[in-house]
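Make the full structure from the sequences, and use the hints.
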Amino acid sequence: MCGIVGLFLKNKALEPALGDMLSKMLVTMTARGPDSAGVAVYGAGNNDHVKLTLRAEDAGAAAALANEFSAALGVPVDLSIRANHIVASLPRDAEAAALQWVKSRAGQIQLVSVGTHMEIYKDVGLPEHVVSEFALAGMAGSHGIGHTRMATESAVTINGAHPFSTGEDQCLVHNGSLSNHNSIRRTLVREGMSFATQNDSEVAAGYLTWRMSKGDSLKQSLTSSLSDLDGFFTFVVGTRNGFAVLRDPIACKPAIMAESDDYVAFGSEFRALSVLPAIEKARVFEPEPATVYAWERS
Amino acid sequence: MPVCDLAVSSVRELNQALHRLAPDTNETAWEIDNPQGKHAIGVGINVPVEIDIKGHVGYYCAGMNKFASVRIHGNAGTGVAENMMSGTVHVMGDASQSAGATGCGGLLIIDGDASARCGISMKGIDILVKGSIGSMSAFMAQAGNLVVLGNAGEALGDSIYEATIFVRGEVKSLGADCIEKPMTEADRERLAGLLGRAGLDGSAKVDDFRMYGSARELYHFHVDNAASY
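Chains as they are written, first to last, in numbering that gives the first Met the number 0: chain A, 0 to 297; chain B, 0 to 228.
Each hint should be verified, as a subset may be incorrect.
To be verified - Straight line, CA to CA, 27 Å or less: simulated DSS-like cross-link-like pairs of lysine-lysine: (1) Lys23/A - Lys11/A; (2) Lys23/A - Lys9/A; (3) Lys218/A - Lys252/A; (4) Lys23/A - Lys171/B; (5) Lys65/B - Lys129/B; (6) Lys218/A - Lys171/B; (7) Lys129/B - Lys53/B; (8) Lys280/A - Lys9/A; (9) Lys171/B - Lys129/B; (10) Lys280/A - Lys11/A; (11) Lys204/B - Lys129/B; (12) Lys252/A - Lys204/B; (13) Lys129/B - Lys280/A; (14) Lys11/A - Lys218/A; (15) Lys252/A - Lys280/A; (16) Lys129/B - Lys252/A; (17) Lys280/A - Lys53/B; (18) Lys65/B - Lys53/B.
Hints in this document: simulated from the structure, not taken from any laboratory.
Structure below.
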């Protein structure tokens, strides 16, 4: 099963409500995946500052670790703490030292994502719990994706929760299972990439990051995944400016989309879209198999 | 007229109320509001009632329908009218995968497109799609008719038995053991009848359709066909 949702706002006036809309979509997909849930939200930021999303193993230690992190860098760091997640915004030239510090605290703190506009929050438990834990409903942004997981390929841990981010401001959620993820992982490791989990979806995210690092557009990277990735999948992918959807050629996993002048929305089932404003005026359609749907803002 | 608002009552309450109806009930016209993509709406109806569902529905809407006429004023999720026995289900929008799967009788009309595996393993149902259908449609279809005014995706009628497929548009590819067949006068009458039942008397011409069915090569195991199974 697994449930995935995505929302790409065209109308800027809706941006303060992104988190609220995404929360409602995610909770409707609880029956498809009660093991864990996660979201990526693309919000405020600028290209001179890097946003790191970090996760403290012990939620009680998050504040202390955040302060320690800030002091160790010796540069102004803007910190925001939500439950066990810390989002740290820092000058780009301090990024290397920041990543080094995180590595030195392995076991206490883990890197979830790197970007300029993207923040990722994920945890085990019901979507309703995860949504309220991180106060997702109050978040603003231009686009976001979310996932409710029914674990099949790997354990029920936060590491197995989606979205997976393997490149700056890039993330992916996946419903399905890939059959050749181990061989693709080996290929990508030879290309210099590293993976934090044994999860097949992280390989899919890594594959797209690799293609985009070679100069592919988001759409091209997904098109080439059709010939290289084997198995069942519906992918929803976010980049700094973009949002894309792809289903495998057999379209094993359900998908439904809506597009209006205000937004593009994706859900595993229509229930996830039914909570959106003015959904009755949107064009609702089922994405075709093996067809890349991509939107990018200028 | 009974009106059921699914924003207030549950699908289970609705289905129980429908199942309690006697065959000679006077409550023959139902309206269902706010379906909001919920699953299994109106499953297992066994009486001749008319039901209007005002919006999009989720999985398996009107599955196992017997006698009822169900109109869905929106899109339908996976498996609409699955295993229908008799009656009519009319989807006014698009239908997702496996529309009319294993249907034994009755008529399913889809005004928009139907996704992959439309009419998979159909066993006597008639399905009329005004738009296009996805890949693997009528896979292992055994009896009944699938009429498509638009195009058909890959592997149409794969491993088909005695069902008949009529397509007006392009067929991307035919599945194993499915071939185009010349239409006899009886076939033409059958198609005209189906178009008429779907209210398409004037707007769709029998001559514009091509007919497909089983080559009957896979009915009995033959080792030379092993690769085709």
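Each hint tested on the structure:
| no. | hint | in the structure |
| --- | --- | --- |
| 1 | Lys23/A - Lys11/A | 19 Å, holds |
| 2 | Lys23/A - Lys9/A | 19 Å, holds |
| 3 | Lys218/A - Lys252/A | 20 Å, holds |
| 4 | Lys23/A - Lys171/B | 39 Å, violated |
| 5 | Lys65/B - Lys129/B | 23 Å, holds |
| 6 | Lys218/A - Lys171/B | 24 Å, holds |
| 7 | Lys129/B - Lys53/B | 20 Å, holds |
| 8 | Lys280/A - Lys9/A | 15 Å, holds |
| 9 | Lys171/B - Lys129/B | 17 Å, holds |
| 10 | Lys280/A - Lys11/A | 18 Å, holds |
| 11 | Lys204/B - Lys129/B | 13 Å, holds |
| 12 | Lys252/A - Lys204/B | 36 Å, violated |
| 13 | Lys129/B - Lys280/A | 22 Å, holds |
| 14 | Lys11/A - Lys218/A | 24 Å, holds |
| 15 | Lys252/A - Lys280/A | 26 Å, holds |
| 16 | Lys129/B - Lys252/A | 25 Å, holds |
| 17 | Lys280/A - Lys53/B | 14 Å, holds |
| 18 | Lys65/B - Lys53/B | 21 Å, holds |
This entry does not satisfy hints 4, 12, going by the numbered hints stated previously.
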